[in-house]
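Q: Dock the two chains into a complex; use the hints.
Keeping their order, the protein sequence lines are chains A and B.
Residue numbering for the first sequence follows the numbering used here, beginning at 704 and increasing consecutively.
Residue numbering for the second sequence follows the numbering used here, beginning at 413 and increasing consecutively.
Don't take every hint at face value.
[As the list claims (entries may be wrong)] Okay, the calculated beta carbon distance ranges per label pair:
1) Thr825(A) to Gly633(B): 28 to 34 Å
2) Asn926(A) to Lys516(B): 53 to 59 Å
3) Arg689(B) to Asn903(A): 41 to 47 Å
4) Ala776(A) to Lys499(B): 45 to 51 Å
5) Met619(B) to Leu775(A): 34 to 40 Å
6) Asp607(B) to Gly874(A): 23 to 29 Å
7) Glu630(B) to Ser819(A): 40 to 46 Å
8) Ser860(A) to Lys575(B): 48 to 54 Å
[To be verified] What the simulated footprint calls covered on chain B by chain A, stretch by stretch (three residues with Cβ under 8 Å from a Cβ of chain A suffice, anywhere in the stretch; the number is not a length):
9) 427-435
10) 533-546
11) 628-642
12) 656-670
Hints listed in this document are in silico derivations from the structure and should not be mistaken for laboratory results.
Here a beta-carbon is modelled for each residue, glycine too, at the ideal position from N, C-alpha and C.
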Amino acid sequence: MSFELTYHRFSECSILIEWPSEIDEKVLDDVLLFKNHIESCSIKSIVQVNNAYNSILVIYNVAIDNVNDKILALKALYSERVIKNKKTSKCWKVPVCYDGEFGLDLNEISIQKNMSISDIITLHSDTIYTVFFIGFLPGFLYLGGLDKRLCFPRKKSPRLHIKKGAVAIGGEQTGIYPNASPGGWNIIGNSPLEFFNVNNDVPCFAKAGDKIQFVSVSRSRYNSILHEVIDGTYILESEVLDG
Amino acid sequence: MVEVLKTGFCDTIQDLGRIGYQAYGVPFSGAMDFYSASLANRILGNDNNAAVIESVMFGPKLRFSIATEICITGAYMNPMLNSEVVKHNVPISVEKGDVLQFGKLEYGFRVYVAVLGGFMTEEKMNSRSMYSAITSKLKLSKGDTLECLSKTSINHKPLSSVKINKKHFSHNEFEVFKGPEFNQLSKQQQDLLFDNTLTISKDSNRMAYQFEDRITHELGGIITSLVLPGTVQLTPSGQLLILMRDCQTTGGYPRILQLTESSINRLSQQIFGKKIRFKCII
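Excised from the complex, chain B in its bound form (with noise of 0.2 Å):
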């Protein structure tokens, strides 16, 4: 069991998400960054949708009540193992009462930590991921247990170390698919989305991330049409949204990108102030 001493900024309990509900209006969910979650999973040997820790900005303070095994992948933010720093992408054996703790955020946004076998908290609907009507908890609080196996009841044969990329976390460029509605800007307009930078507001988060920066255009709503995490939506203040992992399953802004997986995952690893570029790939 692992308990959580202190919250960070945001900490949620997240796998893959929820495929196969949006028909009732339930949305994805899942990690913000799949690829960093992913990796977490798979260097530990678990399976790829196994539950992780999401902790966004800086992380939690957490102690084992068993000896297992964990695995810190995504943003950086100098994790600790009692007073002891510990690496990313490995393998980290931890004993009955150690505590980890993160400090001071050095890159990235996201960290992700996963145990061996993951966590097996409340699943709804194939997915342990939280998400408000969906689950009891929309995010991890003080006091928290959460159950996981203990090292002994697991086989596997330790990975060696990953090296990551390091454009995951620094590369300000996001593929982008032209969206339905894309062809109802003007030449002019498309041709600014693609030349200018554009700066991540604070008023971003896992539903949708935001801008500073306003288009001004002419486009009318649509009638209500199906969106994805990844779709870029303009509003008619001119703002532009990008939809993340929880977002509503559909919507009535003109739709105008549409982001690729990797991007997603790598805008989720930005933070807001920082400045990114849109690069059309068809």
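Chain A with its partners taken away, still in its complex shape (with noise of 0.2 Å):
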């Protein structure tokens, strides 16, 4: 399937790359595999290329001098890169704790949407979600699925401190708070995992295109993951989905 896109000079070094404005994996599919073409050239004056929902930044090593060729030359990859018909994806499974002494906002929620907390755990933990992108904090995954019965409206004033881990449903939208800090979202549980972890080469576990599924897991589980988690031993399910 290939787009109408947009390319707009950003910076004096960055192009900015825009497919259709709407949140979509039909749409995301066709940003990374754009993306990973052009970092599948391994072109010399390209410093990295990173995406979002429905949008591509190319940034490059020095000012664009003739932005139009840098334009031409980005088209001629778009229309280059070889669309695959059969694909798999990566699904984690992520282990929460629902409980309450995490799931801060879980009674709150269940009165408002006159549904059980069991109920609600079930729909968060049913459903398989798409890693869009990675922003906002270093290690936030933007997460795409949400079960439209779950939306619930950020709080009006926000928590100065979530702490790290802190499983959250904001809008439309539902994550996990990678390190401790302020935020508006509810929280309805605790993950143990490290979602960033700066000492290593790949900071993160999950990239764009990945999927994430969340486990729900008892109280003195919970424990025993975190300290699997610190000493190292920690080892994160995951399979291979098709399509």
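A: Rendered as structure tokens:
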């Protein structure tokens, strides 16, 4: 599937490429296909290529002299990309403890939505989410796929301190706070995993295009995973999904 | 080694930042004014990317426990070595036990102190720039000791002094590209952006510069997309945010303008209360 793309000189050294303005996995697939193709060409003048929902930012090592030449070259690369018919993706099984100790806003959501806490947990952990990109904070995954029944508006006044690993719902999105930070999302649980490890060459285990599924764990299992993560012995489960 | 005897308003270690980690949500960081930080390094014969101290509004008090050379650039805050006034933009010899301190801010907003070979502080993701969740320290504090090489271990020829264009600190016009959402503004709003001056607000920091002025508009948000240092966002309440070196990698507000690299450097030398103006270059 090909899209009508727009090319915009963003700064001295960068060009922004945009797809139609929608959050859609078909758009993401094409964004990542193009991004991977640009990267696989190892063009010396390109320092990095980053993506969001429907855009790519191509950053060059020096100021762009002739922006039209660069855009033409990018357009040629877009037409060269090979569309795969069959795609597979990695799905990470992310343990989450939804105990009241962590899920500070579960009661509020349950009351407002007239839905039991266990139904909220089941809906949240049954879904397979797609990682669209990482942004906002180091290691913060932008996940798509939250069940509409779980959408819940952000808090009017943000909390000043949200615990590292907090699993939360903000509007139509769900996500995990990779480190302690202020934030306005509704907290429903906590994951003992490291979502950003500054000392690793690849600091995040998940990348754009991967899938995430939350697995509900007990408070005691949460503790044992936390220890295994600290010791470096925890093995994060994943499976390969088709399509 | 250099010991921090007293901190300034906000002192951080900065180099030219982290490149290549933005896909993990890591900000670029780095010296707010690349121009002044690089100049200090070049005057000492350092690598352009050597780590320097960046201080805002008023500087720290530092004691050297080694003989070395330093160079001060950027904002002028009446620097004194022991009780002697020292110049900007020249290599300065310091002896073991010397104390560097700063006085009143005369011009600019951010001062840079480079040392021969650079400060050898903690390096994470190819940079020593301090940032939350990346480096263990977010800013310098009293009693900190910063590793650096002593003079004998480096050979270099001192360069002559450099004359700085004062416009780097005083010029109030900032060059911009049109942002991806610029065309969503009405002609009248677009003209307003370039005709009016904007007053820098106190809430400006290494993440973003803010303004006291508001622009009424009807633009909605955008699907979260990519931003860079220098991106000018327009919030629903009509507030303008100019993202700076420590900004997030993505954002959901319309991006109406993009500052040039040299405009980012110059803006970071502007103090709150100053009036600035945008000038479109394309």
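Q: Could you check the structure against the hints above and give me the numbers of any it violates, in ascending order?
A: Failing hint: just 6.
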